[in-house]
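Visitor: This is what each chain is made of:
2 protein chains.
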Amino acid sequence: MRHTKKLTLEEIGARVGVSRSTVSRVLNHHPDVAPDVRARVEAVVEETGFQPNQAARALVSQKTGLIGLVMLTEMHELFGDPYYSALVAGIDQGCAEHGLIFSMFPVQSAEGRPDLLSRQFAQGFVDGVIVTAGPFSDPLIEVLRDRGTNMVVIGHPRDTSGLRRIDVDNRTGSELAATHLIERGRQRVGFIGPTSDYHYGAERIDGYRGALTAAGRTVDDRLICLDYPSVDGGHRAAQQLLVHGPDAIHVATDTMAVGVYEALNERGLRIPDDVAVVGFDGFTRAAELAPPLTTVVQPVEEVGRRAVELLAEASTEPREIILPVNLHIRASA
Amino acid sequence: MRHTKKLTLEEIGARVGVSRSTVSRVLNHHPDVAPDVRARVEAVVEETGFQPNQAARALVSQKTGLIGLVMLTEMHELFGDPYYSALVAGIDQGCAEHGLIFSMFPVQSAEGRPDLLSRQFAQGFVDGVIVTAGPFSDPLIEVLRDRGTNMVVIGHPRDTSGLRRIDVDNRTGSELAATHLIERGRQRVGFIGPTSDYHYGAERIDGYRGALTAAGRTVDDRLICLDYPSVDGGHRAAQQLLVHGPDAIHVATDTMAVGVYEALNERGLRIPDDVAVVGFDGFTRAAELAPPLTTVVQPVEEVGRRAVELLAEASTEPREIILPVNLHIRASA
DNA sequence: TTGAAAGCGCTAACAT
DNA sequence: ATGTTAGCGCTTTCAA
Chain H
1 MRHTKKLTLE EIGARVGVSR STVSRVLNHH PDVAPDVRAR VEAVVEETGF QPNQAARALV
61 SQKTGLIGLV MLTEMHELFG DPYYSALVAG IDQGCAEHGL IFSMFPVQSA EGRPDLLSRQ
121 FAQGFVDGVI VTAGPFSDPL IEVLRDRGTN MVVIGHPRDT SGLRRIDVDN RTGSELAATH
181 LIERGRQRVG FIGPTSDYHY GAERIDGYRG ALTAAGRTVD DRLICLDYPS VDGGHRAAQQ
241 LLVHGPDAIH VATDTMAVGV YEALNERGLR IPDDVAVVGF DGFTRAAELA PPLTTVVQPV
301 EEVGRRAVEL LAEASTEPRE IILPVNLHIR ASA
Chain E
1 MRHTKKLTLE EIGARVGVSR STVSRVLNHH PDVAPDVRAR VEAVVEETGF QPNQAARALV
61 SQKTGLIGLV MLTEMHELFG DPYYSALVAG IDQGCAEHGL IFSMFPVQSA EGRPDLLSRQ
121 FAQGFVDGVI VTAGPFSDPL IEVLRDRGTN MVVIGHPRDT SGLRRIDVDN RTGSELAATH
181 LIERGRQRVG FIGPTSDYHY GAERIDGYRG ALTAAGRTVD DRLICLDYPS VDGGHRAAQQ
241 LLVHGPDAIH VATDTMAVGV YEALNERGLR IPDDVAVVGF DGFTRAAELA PPLTTVVQPV
301 EEVGRRAVEL LAEASTEPRE IILPVNLHIR ASA
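As they're listed, the protein sequences go chains H and E. Residue numbering for the first sequence follows this note's numbering, starting at 1 and increasing by one per position. Residue numbering for the second sequence follows this note's numbering, starting at 1 and increasing by one per position.
Because the hints were derived from the structure by calculation, they are not lab data. There are no misleading hints in this set.
In silico DSBU-like pairs for lysine-lysine, Cα to Cα no more than 30 Å straight-line: (1) K5(E) <-> K63(H); (2) K5(E) <-> K63(E); (3) K63(E) <-> K63(H); (4) K63(H) <-> K5(H); (5) K6(H) <-> K63(E); (6) K6(E) <-> K63(H); (7) K5(H) <-> K63(E); (8) K63(E) <-> K6(E); (9) K63(H) <-> K6(H).
Model the full structure from these sequences, guided by the hints.
Guide: Below you can see the structure in the form of structure tokens.
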């Protein structure tokens with residue numbers, strides 16, 4: 001048997017013998033409240049377990065304290081991916097720092113229920129939304145941009161105009177990777193990366209090309225193999241690439257590198273003796289491979305933290321933040 | 001250059017030349033609106049990209065259409081775990097069926113920010129919340145239960161009284177597993193499972209004990225080894241158990257079974273010849289092990305779907321739904 | 001079929 | 001230091 005009357009500020013006030021304004025002041029830690037009144041109000045609030053209605057609060061204050069992260073990704077991809085794990089951890093941290101509540105909206109497919117999707121980010125629902133760039137999120141990003149939604153995009157969408165965006169320096173990263181392989185004396189340096197609908201892949205190819213060109217080499221397009229950014233994709237791409245006899249490979253994602261290792265092992269090719277490998281991402285798994293993978297480490301958690309920071313800022317001006325990456329040299333190259 | 005005035009029902013109505021009530025009716029697909037009026041309103045809504053304010057809607061209708069899933073789990077555990085992947089997929093499906101929006105609240109630590117935690121599930125924020133049972137969620141579950149929050153618990157918390165709860169038949173599952181091993185003629189059947197703060201583990205031990213007893217055997221407690229429900233935990237527990245020379249092991253989670261396989265391989269013990277193994281969970285990875293793992297399959301996605309169903313129901317009476325599990329026989333036993 | 005009016009529960013400016 | 005009042009933007013009777 002619990003309380004009979006619906007709890008509101010008014011009701012709490014009635015029980016204490018003060019007005020709802022006073023209760024509101026107590027709840028919001030307003031200074032101008034008599035200590036004894038404050039104590040009595042707090043006692044009743046405690047005793048009743050009263051929680052102010054969030055919808056009413058949001059309506060009047062025009063803010064919810066909620067940050068949404070939208071991920072247009074298959075659930076099993078989402079959960080298998082160390083990138084999201086780190087990103088979410090970073091966003092969570094950022095939210096904690098800014099006193100915001102973090103909520104993830106995993107969306108199996110944008111096509112599926114566009115009505116819900118747009119409702120989710122209507123006014124009064126979240127204070128801001130973080131969207132990760134990817135082949136399926138481009139339309140959503142454009143809609144939200146045009147609607148003036150408070151949004152930060154992580155990564156590189158097709159159209160970056162008019163966005164607040166945060167990304168890592170993909171081009172330089174792959175340039176570092178390829179340069180490292182060249183400097184180690186490798187002659188036939190190949191590239192394995194995601195298909196072109198993943199825009200970061202294009203940037204990484206650019207870096208790879210740039211490094212070769214800078215070293216006075218010509219780019220052999222047959223040494224560039226693209227596939228889905230999964231272990232299997234890396235495996236397939238490697239099988240294709242190995243036909244052309246590379247003595248080094250820059251793999252544009254660590255996950256694909258796992259597949260590349262598999263393909264190399266199957267052929268009996270030694271790493272790095274026969275084929276040197278440099279990855280990109282810096283996932284934990286890269287260090288656990290045999291041999292440990294030399295890779296370009298990107299600060300994923302920081303990306304998440306900074307995204308929240310950007311969202312929390314007053315300014316809503318278009319802006320790009322590009323974070324630097326680092327080459328971690330291990331045994332594979 | 002976009003619209004100058006803030007868009008509200010009132011403003012849309014003004015532009016069309018009708019009252020805000022009429023606009024509301026159009027938006028909510030109310031039947032009694034003249035076709036031409038409806039068309040004109042829809043045109044302006046479309047043209048302006050107007051979205052009704054969700055906070056205002058929630059305030060008056062007392063519902064948000066939002067279902068929250070709270071997971072008191074470390075981020076990297078969460079993302080590595082196929083259980084959550086399947087569960088979230090099921091919940092997402094359930095929400096889609098009921099026209100609800102699904103939102104996940106990953107909470108790194110309950111201790112960290114109790115104020116936020118409780119604010120998250122205050123009135124007017126979500127229509128209902130799903131909480132997964134686990135060692136850290138017991139306090140939260142009790143608070144929400146006492147507050148009368150619309151909640152469904154997945155799994156087995158410490159105190160199940162007064163809850164709407166959905167779970168799988170852990171006891172019977174482990175009974176099936178152990179019985180299978182006994183029927184295959186195994187003499188020393190061990191048990192490896194999570195530490196006792198994971199309550200489902202206790203149920204699975206019960207099933208294991210029950211099977212031995214039913215077969216007229218005595219339970220040797222030295223053959224029961226508990227550790228964290230991770231690959232490493234399984235590995236450690238197996239090392240400990242192997243000292244006592246089991247010829248079969250029921251591992252209470254597939255994830256731990258991966259670690260058990262490792263330990264067995266290290267000792268040069270063959271599966272199932274030297275030691276037969278039966279897992280529990282039915283994750284994809286179980287089928288991919290060498291040899292493929294015989295395991296008790298639980299319907300995780302269905303658990304998620306049914307949880308939403310339960311939440312969407314009118315009744316808020318305490319209730320328990322226990323779903324059946326199945327033994328999938330493969331090569332490991 | 002439509003509009004006017006009340007009110008959801010809260011915050012904040014204004015009075016006292 | 002506290003109460004009164006006016007909305008926030010919407011849904012929903014109730015009249016017309």
